[in-house]
Structures are given as structure tokens and as C-alpha cells.
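> Read off the chains here:
Protein chains: 2
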Amino acid sequence: MPDHIVSSYDNDLDRLRRLISEMGGIAEKMTDEASLALVRRDTGLAQSVIVADKRLDALQREIEEKSVLLIARRQPLAIDLRETISSIRVSGDLERIGDLAKNIAKRVLAISDEAQPQKIVQGVQHMSDLVQEQLKDVLDAYAGRDTKAAHDVWERDGAIDALYNSLFRELLTYMMEDPRNISFCTHLLFCAKNIERIGDHTTNIAETIQYLATGENPTGERPKNDASNYATVSPQGAAAESAPPGPSAA
Amino acid sequence: MPDHIVSSYDNDLDRLRRLISEMGGIAEKMTDEASLALVRRDTGLAQSVIVADKRLDALQREIEEKSVLLIARRQPLAIDLRETISSIRVSGDLERIGDLAKNIAKRVLAISDEAQPQKIVQGVQHMSDLVQEQLKDVLDAYAGRDTKAAHDVWERDGAIDALYNSLFRELLTYMMEDPRNISFCTHLLFCAKNIERIGDHTTNIAETIQYLATGENPTGERPKNDASNYATVSPQGAAAESAPPGPSAA
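Respectively, the protein sequence lines represent chains A and B. Per UniProt numbering, the first sequence starts with residue 1, numbered consecutively. Per UniProt numbering, the second sequence starts with residue 1, numbered consecutively.
These are calculated hints, taken from the structure and not from any lab test. Check before you lean on any hint, since a few could be wrong.
To be verified - Some chain A residues judged to face chain B by a derived CB distance under 10 Å, without partners named:
1) 9
2) 74
3) 171
C-beta atoms are modelled at their ideal positions from N, C-alpha and C, and glycine is treated no differently.
Just chain A, with the same shape it has in the complex:
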């Protein structure tokens, strides 16, 4: 194969890598800022997260188009084909992460006037910190084609699920204690769920890194802790005093 074709093909792959890296940076920043906006009730910051999502959507379309054109023009094989498919997959996950961060930002705008016990928000913040670390690590692993680091990220997703579950129960308890907490806590529940799903997408990216290196999609079960994701909590104490006994907790 003449040198100039190889080099032009390498340029195409390089360009894809740079676009993915740009998407990764934006998705990280959006996740970080959405969570900060929630804690600080910063509606201006929330607005800027919402605006940033447009760029992420445009980049995803661009990566998808460039990848498909590259496959059609160069008919890459083996590792090069996997690299191109991986670009499509990772850009899809990053685009979804942006949507989830945007959704959190929209909720910040919705609840900016509500009384918010900061203690409840801290649990969400802690979960968000963990997820941001996962996202950073998985993007580094993708850039460095580091399957070991990717596997570490993959394994740590269980911890985020466990945190989500305890937060879910805590938020339900707050709601039962005082009906004035219900509206705010409901939005916080959805924020927590969105952060947990950002974690799922980092796990997807970790699996794509595995596929990129080996050509195999991971078939084992994820280290999920989602059994109590579907927990129920029954009201106790003051809030339920005037009511007949509720159903028992699962």
C-alpha cells in the first residue's frame, strides 16, 4: 500500500480520536458543572450546561458520519475496523452522558426556589464525585488503550449502584417525614438516577475498550448492585401517625 494512503488513513483515525477527546472533555465538564449547579443552586451554571449539550450532539453526528465514511472508503480490517466502531459507540455514550447532565441542569432550574436541606444534597454530590472520577478514568483508559484501567472502572460501577440505593432509601424517608420535602426530593431522586446512569455509560465505555483490544464484547454479568434499586420503604413515625399501618418494608 502506498505511503500516502496509509498516512491519510492514519490522519482519519487521528481526527476521530481528537473528536472523541473533545466530546469527552465536554461531557466531563457538563457532569461536573451540573452537580455543582445543584449543590450551589446556581441557575446560571445550569443554563450553561444546557447550552453545552448542543455542541456534544453536533460532535456525535460528526463522529458517526466520519466513521461510516471511513469504513466505506478504506474498508479497514481487524483492529482498525474495531477502532472505528468503537468511536461510534463511545460517542453515543458521551452524547447520552451529556443528555443526563442536561437533565440534571433542567431540574436545578425547576427547584431553585425550593427549600433544600443541604444534607440531602450532599449525598447526591458524593455520588456525583465518584461518577466523575469514573468518567475521567475511563476516558484516560480509552485514550491510552489501557484495558486494565478500563477493567478497574468496570468493577467500580457496583459501588455507585450501592450508593444510589442507599440514597434512594434516604430520600424516600425524608419524603415520608415531611410532605414539604416531597417535590424537592422527587427531583433529587431523578438527579441521583441520572448520575447513576452516567455511571452505566462509563461502564459501557469500559466494555468498548475491552472490545477494541480483543474484538470480544464482554459477556459476563456486570458487578451490579441493583437488587435494592427497586427497594421500597414504609412510612414510620410522625408522618404516618394518623394513618392506618402501611405496607411493610421490603
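Since the structure of chain A is already known, use the hints to place chain B on it.
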């Protein structure tokens, strides 16, 4: 181009179409049965929805692989290239629809022991009926390459969002009226959100049909009614009597 190549290429495309059609059938059945399981509290039916999702995941991987191989081997142009890209996109949306139906089914298992006022469930059922109709219509439109029918589906998504918003407020009100409703209504809120998101994926498919026909991705804003998606409700009446005044409703 020799006939046998053209015919083999057509066979490839036909096979993709059949796989998408199989995925569509499974996604429709899962959406239908998840909602039935919720209304009837049928844990057996919920289990079968959870099992069906594995087949959907496998089909998505198969479609993705076949599509990429087809692009690499045949270097299709224009409409044929778009058909292949559309297969990847639609199979991705159908896989997500399956995930969302599975998530509803898991919640049916979680709340099967809870007291459930049927009236609350009916609102979710009504929303689900609308979404199922959308899904059926968009799959028919995809099979028939019918851009007009696809546009109709696209326009109707706003009605589902509006229904979700009113259900969201209604569920919050139930939670404020009686803390024993909180646990059950929270799961129902997530079920309603999942159904709304199934609606979003049918809208994605409608946009893919547009892209397939014209090569253009729709750029206009979706007819979203999601402003009040982020509504808040404040407690009134008995539940809040012993508490100081809550924040006002947005």
C-alpha cells in the same frame, strides 16, 4: 456489476430488515407486557419481560456487526449507505426501549406487595397505550419507508409529554396526601418516566426514517412539552397541617 453480487447485496439488506422487524416485534411485546404486568400486578409476566430483553440485546449486536461488515465489504453509497446506518440507529433505539420495558418489569416485582390504588395506575396505563400506538406506527412507517406516517409520529410525541407532566403532578399530590403512597408512587413515577422515554425513542426512529429518505437529519426543535416536566407541587391540606407553610408551587 455482476448480477450475483447485486443479488447477494440485496440479500444482506433484506436480512437486516428482517432482523430489525424481529427486534421491533419483541420491543412492542415487551412494552405491552410490562404495562400489563404493572396494571395486573402480574409478577410472572414481569419475569418474562425481563428474560425477553436478552434476545433483544443479542439482536442489536448482530445488526450492528452485520451493518458494519456490509459497509466495509460493499461500500454502499447514498440510499444504500443510509439504509445501513439507519439499521444501526433503529436497532439502538429498540434496544433502549427493551431496557426501559425491563426496568418497568423490575419495578413491578418490587411493588407487588404494596397497596396500590388502581386509579393511580390507570393514568400510567393510558400513557402506555399512547406510546404503544406510537411504537407500532413508527415500526410500520419504517417498514414501509413512509415519511408522512413518520412525521405524524414525530408530531404526536408532545401529547405523551403533556400526559407525563399531568401524571407527574398527580403522583406528587398522592404522595403528599398520604405518606403510605410515597414508596409505591415513587416507583410509578419512574415507570411513567420510562414510558415517556420509550416515546422519545419512537421519535428518534421517526427522525431516522426522515434521514433515510432524504439524507438530512431533522434540525428543527421537537414538539416537546417538557417545560412542566420539571414542575414542582407544594403540599396542601391534611398532610401539611402540622408543618409550617411550604414553598409555593412553581
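> Would you pick out the hints that fail for this structure and give their numbers low to high?
Number 1 - this is the single hint that the structure violates.
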